[in-house]
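**Q** The lines below spell out each chain.
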Amino acid sequence: MATDAVVAVEGCGLRKVYGLDTPHPVEVLQGVDVRIRQGEFVAIIGQSGSGKTTLLNLLGALDRPTEGRIVLSGADTADLDDNGLADLRNRVVGFVFQFHYLLPEFTCLENALMPLAIRHGSAGRADAERVRGLLNRVGLADQMHKRPGQMSGGQQQRAALIRALANSPRLVLADEPTGNLDARSGREVFDLMREMTRETGVAFVMVTHDDRLAQAADRVIHVELGRAHEHSGAEE
Amino acid sequence: MRFEYAVATRHLVAGKGQTVLTVAAVAVAVTVIIFITSLIQGLQKRLVDDFIGSLPHVTVKPAERQPRSLAATGARVAGMAGTTVQETVQRRESFDDVEKLTRQLAQFAGVTAVVPAIRGQAFLVHGAKRLGVSVSGADPAKQERINALQDDMIAGRWLSLGSDEIVVGFRLADEAGVRLGDRVRLISSEGVDGVFTVAGIFDTGQNAADLGSVFATLRSAQRLFRLQGSVSSVLLKLDDPFTANEVADAVTGSLHHKTESWMREQAQFVNGLRAQSSSSAMISVFALLASAFSIAAVLIVSVIQKSKEIGILKSMGARDRQILLIFGMEGLGIALVGAAAGCGAGYLFLRMLAGVRQVARFGRTDQLFPISFDPTIFLGAAAAAVAATMVAAVLPARRAARMDPVEIIHGN
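These protein sequences, in sequence, are chains A and B. Residue numbering for the first sequence follows this note's numbering, starting at 1 and increasing by one per position. Residue numbering for the second sequence follows this note's numbering, starting at 1 and increasing by one per position.
Looking at chain A on its own, in the form it has when it is part of the complex (with noise of 0.2 Å):
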């Protein structure tokens, strides 16, 4: 990976501690550095409650650091009010949940065009065209137009990984996204995020607890006991 491109985002000596009011705070995240670079797919691994998430949410601006700084697509979030970061995460960030999270009352199409919709109203010609090929690509071009209640997991594992794209973001950030899958779905649909971060130059970070697809990214971060350690990964 070229250390020379486009930072995504980055979190200098992020804290985040849970319950500052009450007389038990939990420290989750006790000063973590992180750089995630344009067209980079970076698992996050680590033990349940070891702050995975946590990081997470920090970096897709979901959440504020306790301590530190998330400069995500050139913007300092601290600069930001909460209509800033909602904007922000609606221009620049991608998520995708462990379950889909699809609006029952919407078509596959229509669920995957809300990011456009939220920012225009609706979304433009030329978007759809664009999340229509999406939505193709993946597979999904004879669900478009089907409820969520009709389609299987994979395919509404699949359908919200294109939501989560289709605003065009910079970062695309999946928290166990194959989690809720069997075993052939969740590669079907890892191995899609890997062919689209590929194809659309985004930078993934991709929270899991399945070692073998960690393996398959291009650089693991570990995050234990509210620290994170950085390596390569297996298939660099």
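Keep in mind that a hint or two might mislead.
[Claimed, not checked] With a straight-line cut-off of 25 Å between C-alpha atoms, the simulated PhoX-like cross-links for lysine-lysine are:
#	chain 1	residue 1	chain 2	residue 2
1	A	Lys146	B	Lys142
2	B	Lys308	B	Lys16
3	B	Lys308	B	Lys142
4	B	Lys142	B	Lys45
5	B	Lys100	B	Lys308
6	A	Lys146	B	Lys45
These aren't lab readings, by the way, just hints derived from the structure by calculation. All of these numbers come straight from a predicted model, not from anything done at the bench.
Assemble the complex: chain A is given as a structure, and chain B must be docked to it using the hints.
**A** Chain B in isolation, oriented as in the chain A frame:
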């Protein structure tokens, strides 16, 4: 806005049963308010028409001359130790310049009719029968503006009454054994005696009037009560009967005459009307509260059910305001559809009830439920329901807007 609208409408359409339930709650509340208010208003209008309709709203009488004590007159009487003040008895006060007074009274705001009149007590004598009656004397055309006697006539005529003619209530006619065209004697409290032909018989529906009232022309009454060229009172009709106290006080204040307002004379009736109005208002408030609580409850449940969706929308960059708008629009949608349905149902219900007739006396029929179709009642009920629903929707909507996506998405 299109995004919020799309999400809100999809929620409402997808939530079939829930949506129907909340819309029905609003509709029922609106129907109840329209029905109760229209019924009470119609009922009051009928009561007011029937009851106050036969009464002057304000009666203007000459101020009684207050006797003054000798000391107050300033006259000095030798050896006077003290004086007793005693009101004059049996002294009939009257207005002499009737035309001027009529002009003055017509100037007061809200006065629609000014009727110079005489009212006095007399005996009606027919054969061996001798009955005490109250004689009202006024120009029939003018008197008609006070109590619309013409509508109550069941025999003979009234508006073209001659100076030697009277009309009497049907119970009085019955009691005295008098028939149309019979001649009767009236002996007034002033001791004047006259013979009159019974030209008409009326039925006002009120026993006291039908048994004890005799209407004559002003001229006849002036002769009977020795009031040549003057009257004992002036009767006023107002465009709004419920301003009688204000008008009476204004007349007393500026013209210094004695006034009687029907609202003070019939205080119990007025209290009854007020009690009716406040119970109708109370029923409306409770209907609104019940519907608002059910809507708030359903929306809160819906927000909890959709918390994951709210979390994901927020992670995708939806602002708090957008989430607030989604749930606010859902509330507004429920309110508008419910209010429209309620207005429609209320209208149909009222039309149905307005068609039910009951048999009144002497072959006439009238509405069993006196209904007033007042568009302001419909608009008011709809507006109140929309307002109550929006208040009920605010709490769940704010709760949704303030949800923390991190807690929602990872909180399971």
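**Q** Look at each hint and say if it fits the structure.
**A** Here's how the hints hold up against the structure:
With a C-alpha separation of about 79 Å, the suggested pair Lys146 of chain A and Lys142 of chain B falls outside the 25 Å cut-off, and the hint is violated. For the hint linking Lys308 of chain B to Lys16 of chain B, the alpha-carbon distance of about 20 Å falls within 25 Å, and the restraint holds. Among the hinted pairs, Lys308 of chain B with Lys142 of chain B is inconsistent with the structure: their alpha-carbon atoms are about 76 Å apart, more than 25 Å. With a CA separation close to 23 Å, the supplied pair Lys142 of chain B and Lys45 of chain B stays within the 25 Å bound.
For the given pair, Lys100 of chain B sits about 82 Å from Lys308 of chain B by alpha-carbon distance, which is inconsistent with the 25 Å threshold. The straight-line distance between the Cα atoms of Lys146 of chain A and Lys45 of chain B is roughly 60 Å, outside the 25 Å bound, and the hint therefore fails.
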